[in-house]
Structure formats: structure tokens, C-alpha cells
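Novice: The chain contents come next:
4 protein chains.
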Amino acid sequence: MSGNTFGNLFAVTNFGESHGSAIGCVIDGCPPGMALSEADIQPELDRRRPGTSKFVTQRNEPDTAEILSGVYQGRTTGTPICVLIRNTDQRSKDYGDILQTFRPGHADYTYFQKYGIRDPRGGGRSSARLTAPTVAAGAVARKWLREQYGTVFRACMTQIGEVPIAFESWEHVGANPFFAPVADVTALEDYVQALRKDGDSCGARIRVVASGMPVGLGEPLFDKLDADIAWAMMGLNAVKGVEIGAGFASVAQRGTTHGDAMTPQGFVGNNAGGVLGGISTGQDLEVQIAIKPTSSILSPRTSIDTNGTPVEVVTKGRHDPCVGIRAAPIAEALLALVVMEHALRHRAQCGDVRSGLAPVPAAAPLGD
Amino acid sequence: MSGNTFGNLFAVTNFGESHGSAIGCVIDGCPPGMALSEADIQPELDRRRPGTSKFVTQRNEPDTAEILSGVYQGRTTGTPICVLIRNTDQRSKDYGDILQTFRPGHADYTYFQKYGIRDPRGGGRSSARLTAPTVAAGAVARKWLREQYGTVFRACMTQIGEVPIAFESWEHVGANPFFAPVADVTALEDYVQALRKDGDSCGARIRVVASGMPVGLGEPLFDKLDADIAWAMMGLNAVKGVEIGAGFASVAQRGTTHGDAMTPQGFVGNNAGGVLGGISTGQDLEVQIAIKPTSSILSPRTSIDTNGTPVEVVTKGRHDPCVGIRAAPIAEALLALVVMEHALRHRAQCGDVRSGLAPVPAAAPLGD
Amino acid sequence: MSGNTFGNLFAVTNFGESHGSAIGCVIDGCPPGMALSEADIQPELDRRRPGTSKFVTQRNEPDTAEILSGVYQGRTTGTPICVLIRNTDQRSKDYGDILQTFRPGHADYTYFQKYGIRDPRGGGRSSARLTAPTVAAGAVARKWLREQYGTVFRACMTQIGEVPIAFESWEHVGANPFFAPVADVTALEDYVQALRKDGDSCGARIRVVASGMPVGLGEPLFDKLDADIAWAMMGLNAVKGVEIGAGFASVAQRGTTHGDAMTPQGFVGNNAGGVLGGISTGQDLEVQIAIKPTSSILSPRTSIDTNGTPVEVVTKGRHDPCVGIRAAPIAEALLALVVMEHALRHRAQCGDVRSGLAPVPAAAPLGD
Amino acid sequence: MSGNTFGNLFAVTNFGESHGSAIGCVIDGCPPGMALSEADIQPELDRRRPGTSKFVTQRNEPDTAEILSGVYQGRTTGTPICVLIRNTDQRSKDYGDILQTFRPGHADYTYFQKYGIRDPRGGGRSSARLTAPTVAAGAVARKWLREQYGTVFRACMTQIGEVPIAFESWEHVGANPFFAPVADVTALEDYVQALRKDGDSCGARIRVVASGMPVGLGEPLFDKLDADIAWAMMGLNAVKGVEIGAGFASVAQRGTTHGDAMTPQGFVGNNAGGVLGGISTGQDLEVQIAIKPTSSILSPRTSIDTNGTPVEVVTKGRHDPCVGIRAAPIAEALLALVVMEHALRHRAQCGDVRSGLAPVPAAAPLGD
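Residue numbers (our numbering), protein chains in the order written: chain R, 4 to 371; chain L, 4 to 371; chain B, 4 to 371; chain S, 4 to 371.
Don't read these hints as lab results, they were simulated from the structure.
There may be inaccurate statements among the hints.
Said to hold, decoys possible - Label-pair restraints from in silico Cβ distances:
hint, chain 1, residue 1, chain 2, residue 2, range
1, S, THR266, L, GLY153, 43 to 49 Å
2, B, GLN268, S, VAL317, 32 to 38 Å
3, B, TRP173, L, GLY354, 47 to 53 Å
4, L, GLY354, R, THR312, 27 to 33 Å
5, R, GLU69, S, GLN268, 58 to 64 Å
To be verified - So the derived list for chain B, only partly shown, Cβ under 10 Å to chain L, looks like this:
hint, residue
6, ASN11
7, PHE18
8, GLY23
9, SER72
10, VAL74
11, ILE120
12, GLY177
Said to hold, decoys possible - Computed footprint of chain B on chain S; a stretch qualifies when at least three of its residues, placed anywhere within it, have a C-beta under 8 Å from a C-beta of chain B:
hint, stretch
13, 72 to 78
14, 225 to 238
15, 331 to 343
16, 361 to 367
Virtual Cβ for every residue (Gly too), placed ideally from N, Cα, C.
All chains, please: the whole structure from these sequences, using the hints.
Specialist: Okay, here's the thing in C-alpha cells:
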């Protein structure tokens with residue numbers, strides 16, 4: 004139950020700080036015999052890594068993954084896989100100011116009160132940099148799920164600040180730095196550039212989807228598939244809201260509208276977002292998350308220091324103006340880790356169950 | 004990690020089915036020495052129980068709690084507290100229809116595919132009836148947290164179907180069957196009566212608040228306080244969305260607006276919803292949840308049966324037209340259980356930490 | 004991780020006190036679809052229950068099991084199975100003496116110091132009575148393992164006090180109140196009768212065996228099969244030692260002797276006790292446990308009371324002169340629960356592994 | 004619950020293989036604010052490391068610990084502490100033989116059957132080399148427990164093969180390569196040299212003691228302190244038996260003898276080994292473990308290969324003739340990890356309990 008481990012059967016223990024010597028994770032419980040090398044992990048890390056466009060932090064980290072254990076002759080052995088990522092561009096500047104003051108909207112204050120001590124270098128443990136090992140672990144889960152079930156994970160930005168982004172095609176997502184499903188991102192570029200000039204930041208909304216889901220994953224009563232998805236997503240830095248399927252729109256829906264009808268040809272609609280009663284229906288998992296604006300900004304803010312004295316805080320340094328911009332690959336990884344855990348749990352308890360009814364096909368997915 | 008246990012240190016294991024002989028829970032890890040009797044639990048169960056107004060299911064269950072263990076001479080001993088609630092108004096009707104068909108939007112289908120077998124009586128394990136033991140456990144947590152820290156949990160309805168409900172006062176919440184914070188609930192009554200006539204159902208939005216929170220609760224990186232809140236809430240029957248603080252509104256906010264400024268006199272605003280970096284700030288925990296419309300409705304729906312043959316499903320029987328109506332006391336209990344777990348975890352690791360800085364006061368709470 | 008739950012995937016949560024209103028357990032994670040009724044559980048409870056001979060406590064408890072949940076139309080549904088056992092022969096005597104003093108060798112003192120409060124009635128939570136729900140849960144595990152793999156669990160007494168018991172046949176075990184594998188138990192009867200007259204008690208040694216084991220169960224590095232067996236057995240009331248295979252005799256063995264040779268016809272010997280590297284070999288699991296003498300005895304003992312004042316303690320009431328006498332069915336249940344947990348864990352991670360080598364047959368089992 | 008994590012609140016996740024690039028662990032849950040550097044860990048690693056005498060494997064590993072995270076300016080921050088130990092003396096020899104055959108008494112066979120694949124280099128994951136990270140984690144736990152309670156952990160060899168070792172003094176333990184509590188180890192040297200010449204190996208018995216224990220640690224019903232000790236010790240490579248206090252000798256004891264009397268001046272005797280009812284008494288924890296002979300020996304053994312064909316196995320290479328020789332510091336670390344976990348768990352549930360009775364002093368410890 005340690006606070007830095009994700010999952011129980013596919014258990015990923017994360018370690019490191021933003022400006023420490025290294026970050027990484029230990030993946031315990033991976034099924035044996037799967038082909039695995041750094042080449043399976045690196046592309047996902049490259050999608051997430053900083054410094055790749057002018058719209059994200061300029062910290063230049065190669066985020067090179069090294070597999071230290073758990074693989075023999077190119078195959079997983081079933082023993083723990085340690086993935087190590089050395090930090091290379093941490094800067095040895097004076098953190099005196101940050102150490103003594105609390106950025107509004109940042110974890111500075113709560114870490115200080117909880118632990119009585121905190122590592123202020125680049126946000127220490129609370130930095131979004133710690134999502135890199137999660138992405139690495141997610142790459143392992145994604146590979147197994149793809150090979151086992153054909154499950155595929157995708158995410159895209161659906162809003163940045165006040166600018167909504169209409170879905171055009173998944174094909175565009177990899178072609179722009181915003182993970183936006185649109186061909187033309189000029190409006191997004193302009194918006195972020197203007198923010199930068201203002202010394203300000205903004206939020207974002209991300210859509211995360213798993214397609215090719217097996218039916219039957221999820222554990223009632225408490226460890227529901229959607230509950231664990233909410234846990235994973237809300238645990239991502241800066242996330243303030245999570246929706247499954249129709250989400251908050253379901254409040255104003257009626258039962259006759261919301262409940263997805265079933266026919267032998269498949270489900271009609273996916274208001275459920277792929278989960279009923281905490282268990283996967285086989286439809287796409289449809290998740291939306293809300294990401295708050297970055298709290299490290301150049302604009303001066305009212306705050307206090309560790310003595311309780313009023314101060315004005317200005318945060319210089321290299322920061323993302325919108326942490327949501329790089330969130331898509333991370334959210335995909337988180338969703339994959341949840342599905343992986345439940346795939347193994349399902350096999351444990353129900354490995355020999357056959358209902359006798361073929362899975363009902365999914366509705367045509369939203370926005371494909 | 005069993006799917007029917009909530010928490011690790013304050014671990015609540017839930018059992019039972021809607022129309023079985025009994026439901027209940029085992030609460031393991033309760034601190035010893037606290038005065039406890041059924042009288043501490045029953046009022047919370049009474050707030051949740053069915054049959055108390057014409058706007059909820061007419062099933063008439065007294066939901067009488069019996070403490071079987073863990074209490075000696077009126078005090079908790081530190082050993083497991085088993086709370087048993089006998090079912091008394093389950094009806095022995097023919098479940099043949101329900102057993103063979105799947106209600107759209109209901110867990111019927113997924114349970115059948117996962118387990119190959121399901122208890123169809125009143126929804127079996129997937130029934131909202133199983134929230135009663137959770138409310139009982141929550142009552143124990145609430146008592147301890149109130150005595151230890153003065154923490155208080157409250158919830159109210161903020162929208163039912165298409166009808167938004169403006170906050171007037173917490174005082175009204177207990178005075179109407181909707182847990183609505185308004186004096187006049189005529190509009191709500193009319194809305195639900197009309198739904199009933201239509202053989203339809205609707206969703207709801209619930210606000211849940213913890214006041215008097217200690218600072219420092221929550222475990223980064225994964226077991227964040229807000230992550231666990233999202234897990235608990237999304238795991239509640241019919242919930243499709245969870246927000247903390249500004250929630251989805253934070254997408255369109257700027258950093259200069261969102262980050263709650265700090266002064267020696269206290270926080271200015273609570274966009275954070277009481278959590279920064281996964282750790283409590285000491286401000287009120289502010290949570291909003293979206294509840295979907297009930298899937299058991301009289302209107303005929305298109306579906307299939309266990310052979311995959313098309314059928315029309317009409318659900319008779321006693322059902323809530325809006326499961327959100329009774330959700331407030333349940334959501335309070337869930338929030339209390341999350342805070343309780345983290346209070347014990349915090350004491351385990353950081354029981355002797357003293358930061359030297361007095362907790363910053365909370366902002367004046369929203370809607371008080 | 005709650006201290007009253009056994010296992011993670013097949014998680015058994017135990018509740019109750021010796022003289023409370025009821026004891027019981029919740030079994031979470033049982034595979035669905037298995038035929039199950041009280042008739043599968045009661046015979047095991049009957050083997051363990053008190054009052055069945057003059058060599059055990061005269062407390063007369065029918066130990067009638069009631070299944071409250073998790074079974075529908077005679078089959079497990081995959082949801083939690085609550086088994087309730089009402090206490091019927093608890094006596095409402097004055098516990099004043101016991102409450103204020105500590106029996107040497109008993110949990111009285113440690114419970115008092117840990118919790119600051121304790122239920123003194125019949126030993127409260129520390130009573131061996133709490134093994135009844137464990138036996139009930141074990142019966143469920145045994146049934147599944149027998150149907151799935153043909154695994155069978157047996158235990159017998161191999162020593163009582165100073166009297167060693169040579170193995171004759173498993174057939175005798177059920178025919179005498181000592182669970183002794185011998186036809187003539189006169190010597191054992193005389194020994195215990197003499198003890199009784201002396202107002203004293205004695206220890207015992209129990210052998211526990213699982214036959215028909217699948218190969219490959221157990222999780223290195225820490226959750227080894229033998230480690231979990233040791234945990235389960237040492238957690239049984241009054242156990243002070245656990246051996247696997249050759250046990251302490253292996254200290255004086257040489258490598259050439261200890262390592263069980265392998266041939267295509269099977270293993271030669273079973274010094275390993277069925278476990279190598281923490282993983283089952285497919286040979287019989289061979290376990291020995293040491294049980295200490297009962298601490299509740301008529302002979303006066305030197306002790307202190309809750310104020311730290313010297314007192315003389317004499318324990319009247321109904322007590323087993325040798326708790327080891329009824330330990331055999333309990334130890335079998337514990338071993339079954341460990342194997343069950345690992346069977347599910349193995350299926351989770353390695354459900355599709357095929358090594359290509361048929362399991363090597365077991366050596367002819369010891370004492371068959 | 005991953006199989007490679009020790010503990011829940013003080014959770015140590017171990018990774019690596021004997022001849023991989025590195026081994027290590029992540030320690031999650033360490034209380035913040037404790038001074039910590041590699042200098043606190045290295046001395047314990049040095050006590051355990053190979054190549055330090057002619058009686059152990061000649062593999063020459065410096066076992067240099069590098070702390071990668073969780074420490075800032077020389078103090079623990081409460082975040083995960085990753086300790087990395089690079090392997091430096093792994094040899095790139097041909098493992099073809101070992102890969103295809105199974106050493107009798109070794110994990111070769113069970114790993115192969117469980118995972119369908121195994122890393123044969125130096126025993127891979129099943130090597131005793133993986134105890135190094137455990138010793139590192141134990142050093143952190145020991146430091147905290149010493150500072151918090153004054154608890155001290157010691158172990159010594161009490162028998163090697165057929166040679167019993169009488170206790171003289173703890174002072175001798177550090178002065179000879181056997182961790183023997185005697186001044187003159189000539190007999191032990193001769194014994195092991197003779198074994199070597201025979202191409203054979205032997206077992207050992209180790210005594211492990213914790214002094215300065217707080218009263219009240221341990222969680223009934225299942226996570227008893229002694230149960231967790233048995234789990235930890237039996238999980239150590241090659242251990243086949245565990246005793247607490249009087250252990251197997253308690254079988255032949257009577258209740259009047261076994262139960263340790265209590266007086267205001269303290270306990271009289273320690274047959275309990277420091278645990279009653281699964282909870283620490285405050286007396287010394289007294290543990291004995293049996294270690295089997297090394298299975299990697301030069302003498303030819305009968306076995307089979309991965310095709311099931313009979314083969315003769317001779318294990319060359321660098322191996323300990325008695326793995327028990329280096330077991331003392333490992334067993335100390337394991338005991339410390341168990342106590343640490345329970346210290347935090349106790350604080351979680353019972354952090355504010357005061358019984359009003361001062362802890363009863365321990366008996367004069369055995370062999371001091």
C-alpha cells in the first residue's frame with residue numbers, strides 16, 4: 004500500500020526527484036516470456052519528454068531508459084523490471100527563495116507541513132517529471148495488452164484554456180506539439196504565445212480512450228474499473244476532474260437516453276464510457292480529464308514564507324505554460340496500467356469462466 | 004487488495020446482496036478506546052434508508068444495525084467491528100425475466116460476462132443497497148475524526164436532472180427528502196413526479212464537503228488524497244464524474260486566477276478544493292460528483308437476452324427514479340472513510356513531524 | 004493489509020470474540036460457479052469444535068455455519084461469502100479477576116499494553132475460538148483446490164508433551180480425539196489425564212501435508228510459498244516453531260544428502276518439503292509445527308495486575324489442557340488458504356505459461 | 004502485494020539478478036527528517052558481502068551502495084529511497100549447461116516450471132546475492148528504530164553442520180568470519196575446509212535477537228509479530244525452519260514451566276521469545292533459524308535436463324560452502340524490517356494509547 008506504488012498485481016513503484024541524480028520505477032508482476040527491450044519504452048518516453056517544442060519547458064532531458072533487471076535474452080522473466088532514467092539537465096542554481104516561500108496553487112506548502120522538510124529543487128518529488136517512469140511502465144503494459152487482446156490506448160487534447168478543440172482525426176495527434184486532433188493548430192500556438200507574454204498559464208482538457216477492450220475487467224464493489232481509472236487520473240499532477248463516458252452531462256440526461264441500448268449487432272451509443280457496474284463492457288473506455296493551470300508562473304503572486312510572513316512570489320526558471328500539453332501520453336500510460344492490473348486480477352479469479360455469450364460489439368467509436 | 008475492501012489501515016470489507024439474507028461490513032483497524040454503540044451508526048443509516056418519501060424506492064427496510072464484535076463495554080477494542088444489517092423486505096417474486104435479459108445501462112450484462120453467473124434478485128451485488136454498510140462504517144470514521152480533529156462531513160444536491168439548485172443554507176438539507184440546500188423544494192417535487200409519470204429517471208449532481216480538515220493528509224505519488232477521493236466517489240453506484248475544487252472549470256482558468264493566494268490571515272479562495280500535490284491544505288475538501296439516471300425504468304428499452312436474442316426490457320418493481328436523491332449521506336460516508344484512512348497513514352509515517360509553521364487558516368467556505 | 008485479513012486474492016477477513024455474540028469471516032475473491040453450501044463447511048467445523056471429548060475444553064458450541072452472502076442457487080457468484088457462527092455457550096460469569104490480572108504466557112498483558120483496553124471474556128480476540136472461521140474459509144479453499152488440482156490436505160499429531168507418536172497410518176487420524184496416526188491412543192489418554200490432575204498443560208507437534216500439489220506456486224522474492232506457510236502457521240495460536248521438509252534437521256545435513264535428486268521417474272526424497280526457491284515442486288508440502296502448552300491452567304502462577312502489583316493467578320474455567328489436540332484441522336485449513344492464494348496469484352501472472360516439461364512426479368510420500 | 008515487496012508501510016521493493024547489471028531496492032514510507040547517507044548503509048553491506056574470507060564465495064563485489072533518491076541535504080524527505088548496487092564481478096561465462104539442467108535442491112526447476120524461462124546466470128533472481136538490498140534497507144530501519152526506541156539487532160551462528168557452537172559473548176561475533184559468538188573458531192575452520200575438500204556443503208543454525216523492544220507491536224489476528232518474523236525468515240534463501248523463544252522445545256514443556264512469570268521487577272524467563280498473542284512483550288525477540296546446505300556443489304548429482312532426460316550435474320564456479328556463514332547480518336536486517344513495519348502500524352492505529360502501566364522489564368537476556 005506504499006504511496007508510491009501503482010497497482011497490486013502489476014505493481015509499479017516509482018522513485019526519484021526532479022533534480023536528483025535519477026528517476027525510475029520497478030515493475031513487479033509482469034507476465035514472463037514477453038519480448039522487451041529499451042526500444043519498446045523509449046518511443047513513449049520521447050513523446051512525453053520536455054524540450055521538444057517552444058510550447059513546453061526548455062529543460063533538455065533525453066530521458067534515456069535503461070532496463071536494469073527482469074529481462075533475459077530479450078524476454079521478460081517474470082521478475083521485477085527496474086527502469087532507470089538518469090537526470091542530466093538539472094541545474095545547480097540557488098534554491099534559497101523557493102525553499103523559503105510557497106507558490107500559490109503548488110505543493111510547496113503541503114509537503115512542508117506534512118514532512119517538515121522538502122526538496123525544493125525543481126519541485127522535488129511533486130514535479131511532473133515523475134510521470135516519466137510511469138510512461139515507461141505504461142509502455143510495458145501497453146505492449147502486453149496489445150499482444151494479448153489487441154487493446155490500444157490513445158489520448159488527445161480537447162480544450163486548451165478557453166479554446167475548445169473539435170475532433171477531426173486521431174491522425175493529427177502525433178503531428179503537432181499539442182496532441183491536438185486537428186490539422187491546423189495556429190490558434191493554439193497563438194493562444195499559448197500570448198499566455199507566455201502575460202507571464203501566465205492555462206489549463207487543458209484531455210480525452211483518453213482505450214479501444215479493443217476485453218469484456219469483464221473490474222472488481223466490484225470498490226475496486227471498480229472506473230473507480231481505479233478515476234484514481235489514476237486524479238493522481239496525475241494538476242488534474243482536478245475526471246469523467247467516464249457521458250460524465251457530468253449525465254446529470255441532465257434521462258434514463259431513456261442515457262442507458263446504451265443493446266442489439267445483437269452491438270451497443271447503440273456509449274454513454275457508459277465502456278463501464279457498467281464497475282466492469283468493462285468491451286466498448287471503448289472513454290475518459291475526460293481536467294488539468295489546472297501551471298502554478299509556477301512569472302506573474303507576481305501573494306503568499307507567505309516558512310515563517311508565516313507575507314511575501315511576493317515570482318517563479319522564474321523553465322516551466323510548462325500548460326502542463327496539459329504533454330499530458331496525452333501520460334494519461335494513455337495511466338489508463339494502460341489500470342487495465343493491465345485488472346486484466347491480471349480478472350485472470351486470477353475468473354480465468355476459467357465462460358459465459359457462453361459472445362461479447363457484444365462496441366458502438367462505432369466517438370470521433371473516429 | 005480484495006475488491007470488496009475499502010482502505011488498508013481502516014479497512015472496511017463489505018458483503019451481501021440486495022435480496023440475500025443480510026448485508027454488512029467488517030471494519031478493521033479502528034483505533035481502540037472510542038465510545039461506540041449502534042446509536043452512533045443508526046442515525047446515518049436512517050438518513051440513507053429507502054422508503055422514507057414518495058420520491059425514492061418504496062422498499063421498506065428498517066436497516067437496523069447490529070454490532071457483532073469489536074466493542075467491549077461500550078468502547079472499541081481495536082479489533083474488527085462487524086456490523087450486520089438483516090434484509091427484511093426482499094420479495095420472493097419470479098426473477099426469471101431479469102435473469103435472462105440485460106437492462107441497458109445496468110451491470111446485468113457485465114456481471115454475466117465476468118462471472119458467468121449472477122444473482123438477479125434486486126440487482127444482487129450491484130444494487131445501491133450495498134451502500135448501507137458503507138454508511139455504517141462511515142459513521143464510525145466520522146465519529147473518530149470529529150473527536151480527534153473536529154472534522155465534519157456534509158453533502159447536498161446541487162442539481163437534479165435539468166434543474167440546478169442554488170445553495171441557500173446547510174440548514175435546509177435535513178429538512179427535505181432531496182438533501183437540497185433550499186427552503187422550497189416544490190420545483191424538485193414536481194420534476195420528479197413528472198419523471199415518474201413518464202416512466203423515466205434522471206441524474207443528479209452532489210456536492211460533498213469536509214470542514215475542519217487537518218493539514219498534511221495524503222500520500223504522494225499515487226495514493227494522493229484527491230486520487231483516493233476520486234476512487235471512492237467514482238466507485239459509488241451510478242457516478243460518472245468527479246471534481247475537486249474548481250474541477251472542470253479550471254480548464255479555462257489562468258494560473259493567476261486559479262492558484263489560491265496565501266496570507267497570514269489565511270487562504271484567499273479555494274480553487275484547490277483543499278488539496279495541493281495530493282496532500283490536504285487544511286481548507287475544506289470540496290468535491291462534486293455526477294450521478295447518472297437510474298437504469299431500471301418502466302419505459303421499454305431495446306436489449307438482448309443471455310442467448311443474444313433481441314428483446315424489449317421493461318423494469319417493474321420498486322426503484323428510485325433518481326438514485327442521486329439518497330446519495331448525500333453515502334457520499335459523506337465515502338469522504339469520511341478516505342480521510343480516516345489517510346489520517347492513520349499520516350500518523351504512521353509522520354506521527355512526530357512538527358513543521359514549526361501553524362496551519363494557514365481556510366478561506367471562508369463556499370456557501371456557508 | 005488489515006491485521007485480520009488472510010490473503011490478498013482469496014482474502015479472508017475474520018471477526019469476533021470468544022464470548023461475543025458471534026464470530027465469522029468474509030471470504031472475498033472466491034472463483035465463481037463452484038457448488039457451495041453449509042454442508043461443505045460444517046464437517047470441517049465439526050472436526051475442530053470443542054466439547055467433543057473429555058480431552059478438550061467442555062465448552063459446548065455447535066459451531067453452526069450460516070452462509071449470508073456470495074452464493075446464489077447453490078453456486079458461488081464471485082462476490083464475498085460471509086460465514087456467520089453464533090456463539091451459544093458463552094457464560095456470563097464475573098470476569099473481574101481476569102480483567103485485572105495477567106496470565107503468564109498469555110496475551111492478556113500485551114493486548115492491555117497495545118490497546119489500553121481488552122475484552123477479557125474467554126480470552127476475547129486472542130482465543131483459539133477464532134480459528135473456527137478460518138476452518139470455515141479453509142473448507143471453501145479445499146473444495147476448489149480439490150476440484151481444480153486434486154490437492155488434498157491432511158494433518159496429524161506427531162508428539163504430545165513428552166510422548167512422541169510414530170506414524171502408522173492416516174486412517175487412524177479420524178478415529179481418535181488426538182488426530183493421532185496410531186491405532187492405540189491409550190498412552191496419550193493417560194498422559195493427558197495425568198496432566199489434568201496436576202492442573203497443568205502440555206505442548207504438541209503437528210505434521211501438516213498437502214498432496215497433489217501443482218508445480219509452480221509461490222512468488223519470489225518475499226512472498227515465497229514456504230514464507231507464507233510459515234506466516235500462516237506461526238500466526239496460529241500457541242505456535243512457536245515451523246519447519247518445512249527436513250526443517251531443523253537440515254542444519255546437520257550435507258548438500259549431497261539434502262538436495263533431492265531428480266530422475267525421469269520422479270524426485271528421490273523430499274527434504275525440500277515440496278518447495279524450492281519459494282516455489283512448489285509438485286511434491287507434497289511437508290510442514291511441522293510446534294505448539295506450546297496452554298497458558299490457562301489451574302496451577303497457581305506468579306504474576307502482576309494492571310497496577311503492577313504482584314498477584315497469584317489461578318485460571319479456572321473450561322480450557323484445553325493441550326491446544327494442540329484440536330490443531331490438526333486448523334493447520335490443514337491454514338495450509339489450504341495459503342495454497343489457494345498462490346494458485347490465484349500464479350494464474351494472474353503466469354496463466355498462459357507452458358514450460359514444455361511435464362511435472363516431475365513426487366517421491367513416495369513420507370508415512371503413507 | 005507484489006511478490007518482491009517487503010512490508011506495507013515501510014515497503015521495500017527489491018530488484019535485480021545475480022549477474023545482471025545492478026541490484027537494488029526502493030524503500031517507501033521512511034519517516035522524514037532522519038539523517039541518512041551511504042555511510043549508514045555501507046557498513047552493513049560490508050558485513051554481508053562476499054569474498055571477505057576463504058570460507059565464502061570468492062566472488063569479489065564491493066557492493067557499493069548509491070542512494071538515488073529520497074534524501075535531501077543529508078536527511079530523509081519521506082519520499083522513496085532508491086538504493087542502487089552495481090554488479091561488478093559477474094562473469095561472462097557460458098551458462099549453457101546450467102541453463103539446460105536442474106541442480107537438485109535448487110530453484111532451477113521450479114523457476115523453469117513457473118515462468119517457462121529463467122535467468123541462469125549465477126542463479127539469477129534466486130541467488131542469495133539479492134539479500135544485499137535487503138541488508139541496505141535493513142540498515143535504514145535499524146537506524147530509525149535505534150534512534151526512536153533504542154532497539155538493537157544482533158545475530159550469531161549457533162551451529163554449523165554437525166558442530167554446535169556454545170554462546171560465549173556477542174563481542175566475538177564481529178571478530179571471525181563465521182559470526183560465531185566464540186573466541187576460538189579453529190574447529191569451524193577445520194570443518195568447512197574438510198567440506199570444501201569433499202566438494203560438499205553444510206547447513207547452519209542462526210540465532211537472531213532484538214533488544215530494547217517496545218511493548219505492543221504486532222497485529223492480531225493474522226499479521227502477528229511472530230507470524231511476520233516467520234514469514235521474513237522462512238523467505239530467506241535456504242531457510243527450512245524458524246523458532247520463536249522456546250520453539251520446538253516448547254512441545255515437551257508443561258504450562259507451569261513454559262509461561263514466563265511476571266513480577267514488578269520484570270519477566271522471569273523468556274520462553275515466549277518476546278511475543279505473546281502476536282504482540283511484543285518488550286522482552287528480547289529471540290529467533291532461531293535453520294539453514295539448509297548449499298545446493299551448488301562440486302560433487303556429482305543425479306538430475307534431469309529441460310527435456311526430462313537424466314543427467315549428472317556438477318556445479319563449478321564460485322559458491323558458498325555454507326550459506327549460513329553470511330546469514331547473520333541478513334537475518335538481523337530482516338528482523339529489523341519486520342519490527343519497523345510494525346512500529347509504524349502500531350503508531351497508525353494506537354498512536355495515542357496509554358495503558359497507564361509501565362512496561363514490565365525484560366528478563367536478563369539469554370547469553371549476554
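Novice: Next step is simple, just say for each hint if it's right about the structure.
Specialist: Structure-based check of each hint:
Our hint of 43 to 49 Å for S/THR266 and L/GLY153 holds, since their Cβ atoms are close to 44 Å apart. Range check, B/GLN268 to S/VAL317: Cβ separation about 22 Å, and the 32 to 38 Å hint is violated. Separated by about 52 Å at the C-beta atoms, B/TRP173 and L/GLY354 satisfy the suggested range of 47 to 53 Å. Evaluation of the 27 to 33 Å hint for L/GLY354 and R/THR312 yields a pass: the beta carbon distance comes to about 28 Å.
For R/GLU69 and S/GLN268, the Cβ-Cβ distance of about 59 Å falls inside the hinted range of 58 to 64 Å, so the restraint holds. Taking 10 Å as the C-beta contact cut-off toward chain L, the hint placing B/ASN11 at the interface holds, the least distance being around 5 Å. Because the beta carbon of B/PHE18 sits about 4 Å from the nearest beta carbon in chain L, less than 10 Å, this interface hint is met. For B/GLY23, the shortest C-beta to C-beta distance to chain L is roughly 5 Å, which falls under 10 Å, so the interface hint holds.
Checking B/SER72 against chain L: minimum C-beta separation of about 5 Å stays under 10 Å; hint holds. Interface hint status for B/VAL74: upheld, as the beta-carbon distance to the closest one in chain L is roughly 9 Å, under 10 Å. The interface hint given for B/ILE120 holds, since its Cβ lies 5 Å from the closest Cβ of chain L, which is under the 10 Å cut-off. Interface restraint check for B/GLY177: the shortest CB-CB distance to chain L comes to about 32 Å, outside 10 Å, so the restraint is violated.
By the rule of at least three residues with a Cβ nearer than 8 Å to a Cβ of chain B, the coverage given for the stretch 72 to 78 of chain S is violated, with 0 such residues. Three residues within the 8 Å Cβ limit are the bar, and the stretch 225 to 238 of chain S against chain B gives 13, so the coverage statement holds. Only when three residues or more bring their CB closer than 8 Å to a CB of chain B does the claim for the stretch 331 to 343 of chain S stand; here the count is 0, and the claim is violated. Counting residues of the stretch 361 to 367 of chain S whose CB falls under 8 Å from any CB of chain B gives 3; the rule of at least 3 is met.
Checked against the numbered hints listed earlier, the structure breaks hints 2, 12, 13 and 15; every other hint is satisfied.
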